[in-house]
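Knowing the structure of chain A, use the given hints to seat chain B on it.
Number of protein chains: 2
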Amino acid sequence: MSIPIRALSNVSYDPDIGYLELKGAEKTRTLTANTVKTFAQSLRVMALSKELKKSNDLATKREAYYVSKNWGDARFSEQPESDNVIDDLEAMFRVNREALGFIPEEKGGAVSGRLIVIDTDPNTGKDIRINCSKMGTGAYSIPNSVENLRFETEAKFILAIETSGMHQRLVKHGYWKKANCILISLGGVPTRACRRFIRRLSDVANIPVYGFVDGDMYGWANIYRTLKVGSGNAAHINKFFCVPHARLFGITTDDIKKYELPTHPLTEVDIKRGNDALKNDPFIRLHPAWQKNIKDLIKMKKRAEQQALAKHGLNYVIERYLPDKLKNPSTWLP
Amino acid sequence: MSIPIRALSNVSYDPDIGYLELKGAEKTRTLTANTVKTFAQSLRVMALSKELKKSNDLATKREAYYVSKNWGDARFSEQPESDNVIDDLEAMFRVNREALGFIPEEKGGAVSGRLIVIDTDPNTGKDIRINCSKMGTGAYSIPNSVENLRFETEAKFILAIETSGMHQRLVKHGYWKKANCILISLGGVPTRACRRFIRRLSDVANIPVYGFVDGDMYGWANIYRTLKVGSGNAAHINKFFCVPHARLFGITTDDIKKYELPTHPLTEVDIKRGNDALKNDPFIRLHPAWQKNIKDLIKMKKRAEQQALAKHGLNYVIERYLPDKLKNPSTWLP
Chain A
9 MSIPIRALSN VSYDPDIGYL ELKGAEKTRT LTANTVKTFA QSLRVMALSK
59 ELKKSNDLAT KREAYYVSKN WGDARFSEQP ESDNVIDDLE AMFRVNREAL
109 GFIPEEKGGA VSGRLIVIDT DPNTGKDIRI NCSKMGTGAY SIPNSVENLR
159 FETEAKFILA IETSGMHQRL VKHGYWKKAN CILISLGGVP TRACRRFIRR
209 LSDVANIPVY GFVDGDMYGW ANIYRTLKVG SGNAAHINKF FCVPHARLFG
259 ITTDDIKKYE LPTHPLTEVD IKRGNDALKN DPFIRLHPAW QKNIKDLIKM
309 KKRAEQQALA KHGLNYVIER YLPDKLKNPS TWLP
Chain B
9 MSIPIRALSN VSYDPDIGYL ELKGAEKTRT LTANTVKTFA QSLRVMALSK
59 ELKKSNDLAT KREAYYVSKN WGDARFSEQP ESDNVIDDLE AMFRVNREAL
109 GFIPEEKGGA VSGRLIVIDT DPNTGKDIRI NCSKMGTGAY SIPNSVENLR
159 FETEAKFILA IETSGMHQRL VKHGYWKKAN CILISLGGVP TRACRRFIRR
209 LSDVANIPVY GFVDGDMYGW ANIYRTLKVG SGNAAHINKF FCVPHARLFG
259 ITTDDIKKYE LPTHPLTEVD IKRGNDALKN DPFIRLHPAW QKNIKDLIKM
309 KKRAEQQALA KHGLNYVIER YLPDKLKNPS TWLP
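Protein chains in written order, with my numbering: chain A, 9 to 342; chain B, 9 to 342.
Excised from the complex, chain A in its bound form (with noise of 0.2 Å):
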């Protein structure tokens, strides 16, 4: 079995490519003495994969390690272990481990405005329509796994937006419908059935993603980015789950200064991290654009959340902010 090496050292990246990706280095699991669970292990592993995609059905990761407890001296002992030898399939074949039937155990994401999502009924076998601008206040989950799912939209665009209390705003005063959008709240560190989600309906649709996060290094290195470009220790994968035509909305050093919003200073840990992204971060190293608004901020020693709008009003993100941003271009970063 020859396996690609997922590390960074194995990994460059190229914009037009658009995600962080994998070199050619490869790593051979031979059948030895010595390799001879592991390898097992990898058989019994690929076995069941072939038993789900049968069955129509999916596992968690964690599911599988425990299914592993009947394998006599092919189980696994810890979940680590059984995790490690997925990643490596999916590697191996090149697709990310939702094709093969293995789901995370978190999904994340709520989704409002105009789009159908079709599903296919667990019960029924038929195809589902799901009308998420019918949701009232509420909004539609985005399943573990969103392999199978298809799109209907007219929107003309995603806003990807960091928090749950931003996204309910923006419901409630009906936004997606004057702007003609989707709104998807990521809550944080978007999972990868939501960068999955997103991705696939940005290509399927069309139409650009645009971030909307706090002003600060966890709003822009943490979410935007790994929205956007995937994350250096799952390089094998970025591929699915990047979405490389995603800008950056705000919150901007440039909006904190042209909307005065309220800040709190900069901690050690936001200044390092600022620091680091500038020297070491590939995405960002690629960008001027984004080293000067990192630089900016580190000066500024302050940042600023997405909900300061609201110092000029509840609605002002909806009625000013939000409408000056799709209007100009020039205020969004990469």
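Please keep in mind that the hints were generated in silico from the structure rather than gathered at the bench.
Just so it is clear, the structure is predicted and the values come from calculations on it, not from any experiment.
Hints may be right or wrong, so weigh each one.
A pair holds if it fits inside one copy or across any two, identical chains being indistinguishable in the list.
Calculated cross-link-like contacts (lysine-lysine; reagent style BS3-like; alpha-carbon spacing at most 27 Å) [stated by the list, open to error]: (1) 45 with 266; (2) 35 with 69; (3) 69 with 58; (4) 142 with 185; (5) 69 with 266; (6) 266 with 335; (7) 247 with 307.
Positioned in the frame of chain A, the structure of chain B alone reads:
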């Protein structure tokens, strides 16, 4: 202004009432040179609440804090100050703050199964019917404020599930259809919105709530107990958020033995938390069955996750465990 003192010293527990309840002690906020700012802020927040109700709007606690930045000298300098005033107001008016227009930052809770939620469409002002049995493999995501929702259901019970992975399995295999129930994924410790939703739904529909969480102190004391009787430091609102008629299906210590589940060793923290609960938690101290369950777990020095049932096959939970539980109330915990 007379405001109840919100502290454990001013709390009692009566199982017939079903939640940690405020006793009579109050503090008085009078207008003096020292209290003028807090007094003014309390009045300002009351005025904001009135404005929110009048304009049919909502504000998160964080938004309320930022709104105050335009109040001149009455502005809050840190969010904990404004949070505290809002908490005082909900204690003073004896209502939950959602009823005053202040909604939590976080939501959470995904609903599938035999339930129609009736909400008001924010765009048209008309009733909108959301059918939670027509969400495919996805779910209905509970909004931040659930006060105005109405419900229609013929379901026999609500199953409150700790992990989204287990919820996804039960949805995928149509368990709610077989068992005629409503499935709610808590996603860890349930949020206020999720607890209030379960409370209101179970009251209106007059159906029982069964908890299905990991067999450990976190699943029992942090997740299930918070759902059932609320928490100590929010005693003035437990009344609105508790689900006193909830029962725990499992995973119980007896389940770990009976189903021979794969386990993890208890950590020192688990053991300490168990001993603390036995000594100090008024809810645990009132129920001998809970004390026995926790003592047995500490003796076994083991804990088990709900996914551990997968040892006997991925759908053992649907085919055996849950039907067994439904038939045998003697295996439930109070």
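Structure-based check of each hint:
Within a single copy, residue 45 and residue 266 get their C-alpha atoms no closer than 61 Å, and across copies no closer than 30 Å, so neither meets the 27 Å cut-off. Within a single copy, residue 35 and residue 69 get their C-alpha atoms as close as 23 Å, which meets the 27 Å cut-off; across copies the closest is 52 Å, which misses it. Taking the shortest Cα distances, residue 69 and residue 58 sit within 27 Å of each other inside one copy (15 Å), while across copies they are farther apart (49 Å). Within a single copy, residue 142 and residue 185 get their C-alpha atoms as close as 12 Å, and across copies as close as 23 Å, so both meet the 27 Å cut-off.
In this homomeric assembly, residue 69 and residue 266 come within 27 Å of each other (Cα to Cα) only across copies, at 24 Å, whereas the closest approach inside a single copy is 46 Å. Proximity of residue 266 to residue 335 under the C-alpha cut-off of 27 Å is restricted to the intra-copy arrangement: shortest distance 16 Å within a copy versus 64 Å between copies. In this assembly of identical chains, residue 247 and residue 307 lie within 27 Å of each other by CA distance neither inside one copy nor across copies; the values are 35 Å within and 48 Å between.
Hints 1 and 7 from the earlier list are contradicted by this structure; the remaining hints agree with it.
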